[in-house]
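Residue numbers (our numbering), protein chains in the order written: chain U, 1 to 172; chain V, 173 to 344.
Simulated from the structure, these hints should not be mistaken for laboratory data.
Any given hint might turn out to be false.
[What the hints assert, rightly or not] Using 27 angstroms as the maximum straight-line C-alpha spacing, the simulated DSSO-like pairs for lysine-lysine come out as follows:
#1 V:Lys-222 with U:Lys-49
#2 V:Lys-209 with U:Lys-37
#3 U:Lys-50 with U:Lys-74
#4 U:Lys-140 with V:Lys-312
#5 V:Lys-222 with U:Lys-153
#6 U:Lys-123 with V:Lys-218
#7 V:Lys-247 with U:Lys-156
#8 U:Lys-50 with U:Lys-95
#9 V:Lys-247 with V:Lys-222
#10 V:Lys-328 with V:Lys-312
#11 U:Lys-120 with V:Lys-328
#12 U:Lys-49 with U:Lys-29
#13 U:Lys-49 with V:Lys-201
#14 V:Lys-261 with U:Lys-50
#15 V:Lys-267 with U:Lys-37
#16 U:Lys-74 with U:Lys-95
[To be verified] Far from chain V by the CB rule (all over 12 angstroms, computed), these chain U residues:
#17 Asn-8
#18 Gly-9
#19 Lys-10
#20 Leu-17
#21 Ala-48
#22 Phe-63
#23 Lys-74
#24 Lys-75
#25 Lys-94
#26 Asp-97
#27 Leu-110
#28 Leu-148
#29 Met-152
We put the CB at the ideal spot given by N, CA and C, even for glycine.
Protein chains: 2
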Amino acid sequence: MIIVFTGNGKGKTTAALGQAIRALGQGKKVLVIQFIKGPWISGEDKFAKKIKNLRIIKTGKGFVKILGDKLPFKKHRASAQEGLQLAKKSIASKKYDLIILDEINNAVDLKLLKASAVLKIIKFLPEKTDLILTGRNAPKSLIRIADLVTEMKEIKHPFQKNKKSARAGIEF
Amino acid sequence: MIIVFTGNGKGKTTAALGQAIRALGQGKKVLVIQFIKGPWISGEDKFAKKIKNLRIIKTGKGFVKILGDKLPFKKHRASAQEGLQLAKKSIASKKYDLIILDEINNAVDLKLLKASAVLKIIKFLPEKTDLILTGRNAPKSLIRIADLVTEMKEIKHPFQKNKKSARAGIEF
């Protein structure tokens, strides 16, 4: 089953992580490959260290072209490509019941990856493996082949009104 | 911080569970109270048994008025009221850093609970506690007071096209 969580609202990555909990509870093996996200340690990273059957791998180099990013675009692209190759291998290995490609849609949107390259690796998805692709602006070609697509639409966000800043355990 | 995940799409409960993972990873204590959901065992239930600091309590009696439900409406209402009382106590106890009231919005929508009664208990939320309320058709009065609201909008769902049935580790 191919699942896409897209849209500009909060809850895409966390919905994928929630699916991971469900899968782990049912005795399944889960791999999360994080695109874009930088090397800082989030709640889910700390959590994964203690959990058998849950692996989180970061391939991203952090924010692209925003929030003071000065890394050459090429380097961002190279690390996204690395993530895609890892995804390809992980799909082919048949070792995982659930694979989450976190923020891979953003990577396509930012032109770090081609949509066609992402679709290509999905073709090899074993029937027993579920795949979740998250990130805003999911490409139309991906939505077309997905089994389940939810748009997370922002109705209200505290950053909008500058009320609070990022909070540990909520934003990361 | 008060977070609402609403809308007709998949990912509301799982986004809340993903927030739970984040919070647990940051060393926080999490309570999930499930309204509506029946006593069957889901992936998250099995998972929670193994995780310190994560407690899931079901107060619901299953589907209301659909899928062969024959339970008197009064009984559904009584169990939702029970859930709300438990939520109230848990908020007052200050024991939890994150409290998830899963599908409480549906409980209001189905007239098992009054929106005003839900708002009343939220008033006592300690500053350090985060509260997530999930379920479709969140009442407007709740959206007004929430800090963060995401609408999970269904773009595509496999049940629409009858392609697959509920899958362990994905739907439950």
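Do the hints match the structure? See the list:
1. V:Lys-222 with U:Lys-49: 15 angstroms, holds
2. V:Lys-209 with U:Lys-37: Outside the cut-off at roughly 34 angstroms; violated.
3. U:Lys-50 with U:Lys-74: 34 angstroms, violated
4. U:Lys-140 with V:Lys-312: 32 angstroms, violated
5. V:Lys-222 with U:Lys-153: 33 angstroms, violated
6. U:Lys-123 with V:Lys-218: 32 angstroms, violated
7. V:Lys-247 with U:Lys-156: It is violated: about 35 angstroms lies between the C-alpha atoms, which goes past 27 angstroms.
8. U:Lys-50 with U:Lys-95: 19 angstroms, holds
9. V:Lys-247 with V:Lys-222: Judged against 27 angstroms, a Cα distance of about 31 angstroms means the pair is violated.
10. V:Lys-328 with V:Lys-312: 26 angstroms, holds
11. U:Lys-120 with V:Lys-328: Since the Cα atoms of Lys-120 (chain U) and Lys-328 (chain V) sit roughly 21 angstroms apart, the hinted pair holds (cutoff 27 angstroms).
12. U:Lys-49 with U:Lys-29: 14 angstroms, holds
13. U:Lys-49 with V:Lys-201: Roughly 18 angstroms between the alpha carbons, so the hint for Lys-49 (chain U) and Lys-201 (chain V) holds.
14. V:Lys-261 with U:Lys-50: The hint is violated at about 30 angstroms.
15. V:Lys-267 with U:Lys-37: 32 angstroms, violated
16. U:Lys-74 with U:Lys-95: Violated - the C-alpha atoms of Lys-95 (chain U) and Lys-74 (chain U) are around 31 angstroms apart, more than 27 angstroms.
17. Asn-8: Per Cβ check, Asn-8 (chain U) is inside 12 angstroms of chain V; nearest 9 angstroms; violated.
18. Gly-9: With a cut-off of 12 angstroms, Gly-9 (chain U) comes too close to chain V, as the shortest Cβ separation is near 4 angstroms.
19. Lys-10: 5 angstroms, violated
20. Leu-17: 3 angstroms, violated
21. Ala-48: Its Cβ does come within 12 angstroms of chain V, the nearest being 8 angstroms, so this is violated.
22. Phe-63: 19 angstroms, holds
23. Lys-74: Check passes; 32 angstroms lies beyond 12 angstroms.
24. Lys-75: 28 angstroms, holds
25. Lys-94: Label holds. Min Cβ-Cβ 16 angstroms, cutoff 12 angstroms.
26. Asp-97: 7 angstroms, violated
27. Leu-110: Given a closest Cβ separation of 22 angstroms, the condition holds.
28. Leu-148: 6 angstroms, violated
29. Met-152: 5 angstroms, violated
In this structure, the earlier hints numbered 2, 3, 4, 5, 6, 7, 9, 14, 15, 16, 17, 18, 19, 20, 21, 26, 28 and 29 are contradicted, and the remaining ones agree with it.
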